[in-house]
Amino acid sequence: MSNSAPGQETPFQLAKKVIQKFVQRQVFAENKDELALVLFGSDNTKNNLAKDGQYQNISVHRQLMIPNFELLEEIQNDVHPGSQQADWLDALVVCMDLLQNETLGKRYERQNIVLLTDLNTPSSPDQLDVIIGNLKRSGVTLQFFLPFPVDGGGSKPPDGGKGLSAEQQQGLEMTKQVMMSLDEDDGLEEVYTFSDAIEKLSVFKRVEKRPMAWPCTLTIGSSLAIKIVGYKAVCEERPRKSWSVVDAQTHQKDDIKRDVVYCLNDDEETEVQKDDTIQGYRYGSDIVPFSKVDQDQMKYKTDGKSFAVLGFTKQSMISRHQFVGTQVLKVFAPKDDEHAGVALSGLIRALDDLKMVAVVRYVYARNGNPQVGAAFPCIKEKSECLVYVQLPFMEDLRQYSFPSLENNKKYTPSEEQLSAVDSLIDSMMLVEEDEDGEKMDLFKVNHIPNPQYQRLFQCLHHRAVNPSAPLPPMDPWLTAALQRPLAVASRCQAPLETMKKKFPLKEVVKKKELKTSKELFGNSTEESDAKKAKVDEDDDFNLADITEGSITQVGSVDPARDFRTLIRQKSLPFGEVCQQLTGRIEQLLGNKNMNYYIKCIPCIQTFREQSVQVGNADHYNSYIQSLKTSIPVRGLQEFWDMLVQVPDCRGEERGGRSSCGGRYGRCGRLAGHDVRSKTTGWRMKET
1 MSNSAPGQET PFQLAKKVIQ KFVQRQVFAE NKDELALVLF GSDNTKNNLA KDGQYQNISV
61 HRQLMIPNFE LLEEIQNDVH PGSQQADWLD ALVVCMDLLQ NETLGKRYER QNIVLLTDLN
121 TPSSPDQLDV IIGNLKRSGV TLQFFLPFPV DGGGSKPPDG GKGLSAEQQQ GLEMTKQVMM
181 SLDEDDGLEE VYTFSDAIEK LSVFKRVEKR PMAWPCTLTI GSSLAIKIVG YKAVCEERPR
241 KSWSVVDAQT HQKDDIKRDV VYCLNDDEET EVQKDDTIQG YRYGSDIVPF SKVDQDQMKY
301 KTDGKSFAVL GFTKQSMISR HQFVGTQVLK VFAPKDDEHA GVALSGLIRA LDDLKMVAVV
361 RYVYARNGNP QVGAAFPCIK EKSECLVYVQ LPFMEDLRQY SFPSLENNKK YTPSEEQLSA
421 VDSLIDSMML VEEDEDGEKM DLFKVNHIPN PQYQRLFQCL HHRAVNPSAP LPPMDPWLTA
481 ALQRPLAVAS RCQAPLETMK KKFPLKEVVK KKELKTSKEL FGNSTEESDA KKAKVDEDDD
541 FNLADITEGS ITQVGSVDPA RDFRTLIRQK SLPFGEVCQQ LTGRIEQLLG NKNMNYYIKC
601 IPCIQTFREQ SVQVGNADHY NSYIQSLKTS IPVRGLQEFW DMLVQVPDCR GEERGGRSSC
661 GGRYGRCGRL AGHDVRSKTT GWRMKET
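Numbers 1 to 687, taken from this note's numbering, label the letters of the sequence shown in order.
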């Protein structure tokens, strides 16, 4: 297996890749399947049947056990082509003996032998019928992986290399005889090529599990009940194991010891026992204590599982964007309950005929939070069921209002521009009809593996077997899978060029801000009206002007900008706008968080700047005075220390100049010993 054409990988290298990728999949699948590794053609002999010169050069490299990263390292570093030859039928017998001895007393669902060979060794067919009979009696399934297809004949391989040798032709006939004897109809379907196996095994895939049934009762009112069984049809897949902290030298989790100490937030950091602490819920600037008893009493009490129909509505009333949750449930009638099947079938067909859905109250288990969802009828050729999807509550909806794009006729697209967009959309359609008129999906998302998991598993495997090497790039097949389909990419080139012509781009040069009255108004007071600044119809599109035009109050996203806009618009009295700004500042300070403190600084700066421009500093001075006096009581010392570092926020405004009298203003900062707010609370410290 170590021979190949120039520039091509040897059959041994391909077989090794197949084994590596198969073991990778088993490791990351985290199942209980056990695996053994037997090498034939090795330089040494290690098996229980090696007596009297028989079964030589066959080595059991790994006994039957759950695969792990250690096995991957052994395959990577210790498995190399040998200089000897061995009969692949003898290796098959050794594998059967290994399975028989290693599975005694164990419960298992299936036993399988996978044979990877190029068949380029002499094989004796004398005991072939005996081997086939033992395989049938033991129920062991068999799979072959070859460097060439089983139906490729014996002349030339598809890669244009040398034809099959006499040993390979004989081995291929024996392979067909074995597989056809085990399964006359589908036996040859269990013979694969190395290249096909590598392509399929490149995807890290969790082993499919049996669906877990959710038995319940569908109720309509108080008099109608139908037994049902639910199964998860769609559910977000997550890796079972999360990251854990290990010692950097030994790589052992047990070498790390973590001690959690609770202490008061005082100068002495007085230690407190965990039993003397309770949970607290931050409500504004206060912390509401909430004990374990309160948490238990707060939980929603239910009578158990529930799938109760609250009512019915038209399917058109349920919009696609209203689907929430992390799973889709398919609801069937129990297989052994004929009455439930008839009743549920009648409900499903009635909903389908009327184009309606059932609005359902869903509770998974006792003490579970209730959901409200929609149950859609789903009728297929061989089955029918209800498909349950969770619907949002009021708090789950996000209501946004945006300015209309049609207010300015200048930016209304022309018919040619609309036609260009339509052509682009048509050219990028991912669903098209074939010759028979059936719709065909060009980009099947449900067939694309999650690239996050694929990349994670690829890097984990590489780091396990190559501790010091850099991480590899993303696999080409995964990169290609996430690209636009080739048919769509070639089809949309012309519409894209048309789009560029119909929607020309021009660089927007940002104008310099005018900061002084000299720059703003100029020196001459006798300028004519024709020279005054005006807005040209051809000015660049400014999104900020549109959004500012819709501001009616000081919001919480950017209070400083909203305050400046309202002052410039003069739509509200100056005092009312100042009151809105101070209200937002107080709301931010109530959270007592550094991020909110930082957000308050530009608000106060803008407050002072606009007060100077308007010529009314009373509101600013009044607020600064009240803020100063409340610092010790409210525990805002940290914020005040930040504020006094800002040159424009150090004191009151009198006649456009700063007059920072008193201990809070002089020298531009608070002395640490003047006012100290001592806060007592809980803090967790890890040692």
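One or more of the hints may lead you astray.
[What the hints assert, rightly or not] Think about it this way: if two alpha-carbon atoms lie no more than 30 Å apart in a straight line, the pair counts; the simulated DSS-like pairs of lysine-lysine are: (1) K330 with K32; (2) K292 with K592; (3) K410 with K502; (4) K274 with K227; (5) K232 with K21; (6) K209 with K16; (7) K46 with K106; (8) K205 with K227; (9) K17 with K274; (10) K232 with K314; (11) K439 with K232; (12) K232 with K330; (13) K511 with K592; (14) K444 with K21; (15) K510 with K570; (16) K106 with K136; (17) K136 with K227; (18) K410 with K209; (19) K227 with K209; (20) K209 with K292; (21) K444 with K17; (22) K176 with K232; (23) K444 with K232; (24) K232 with K355; (25) K506 with K410; (26) K410 with K314; (27) K21 with K299; (28) K227 with K106; (29) K380 with K355; (30) K511 with K335; (31) K292 with K409.
Bear in mind the hints are in silico, worked out from the structure with no lab data behind them.
Decide if the proposed pair is consistent with the structure: K292 and K409, CA atoms, cutoff 30 Å inclusive. Violated: K292 and K409 sit about 61 Å apart, past 30 Å.
30 Å Cα cutoff - pair K176, K232: violated, 41 Å
Need the status of pair K410, K314: alpha-carbon distance at most 30 Å? Violated, at about 41 Å.
For a C-alpha distance cap of 30 Å, please report whether K292 and K592 respect it. holds, 26 Å
Given the hint that K444 pairs with K232, test it: the Cα-Cα distance must not exceed 30 Å. The given pair, whose Cα atoms are some 21 Å apart, holds under the 30 Å limit.
Compare the distance between the alpha carbons of K330 and K32 with 30 Å, and conclude whether the hinted pair is satisfied. holds, 28 Å
Does the structure keep K511 and K592 at a Cα separation of 30 Å or less? Given pair K511, K592 is violated - Cα atoms ~38 Å apart, limit 30 Å.
Given pair status - K355, K232, alpha carbons within 30 Å: Holds. K232 to K355 sits at ~24 Å (cutoff 30 Å).
Would you check the hint for K444 and K17, treating anything up to 30 Å between C-alpha atoms as holding? holds, 28 Å
With a cut-off of 30 Å on the C-alpha distance, tell me whether K136 and K227 pass. violated, 43 Å
When you check the alpha-carbon spacing of K227 and K106, does it fall within 30 Å? Not satisfied, since the Cα-Cα distance of roughly 37 Å exceeds 30 Å.
When you check the alpha-carbon spacing of K232 and K330, does it fall within 30 Å? holds, 6 Å
Checked against the numbered hints given earlier, the structure breaks hints 4, 8, 9, 13, 17, 18, 20, 22, 26, 27, 28, 30, 31 and satisfies all the rest.
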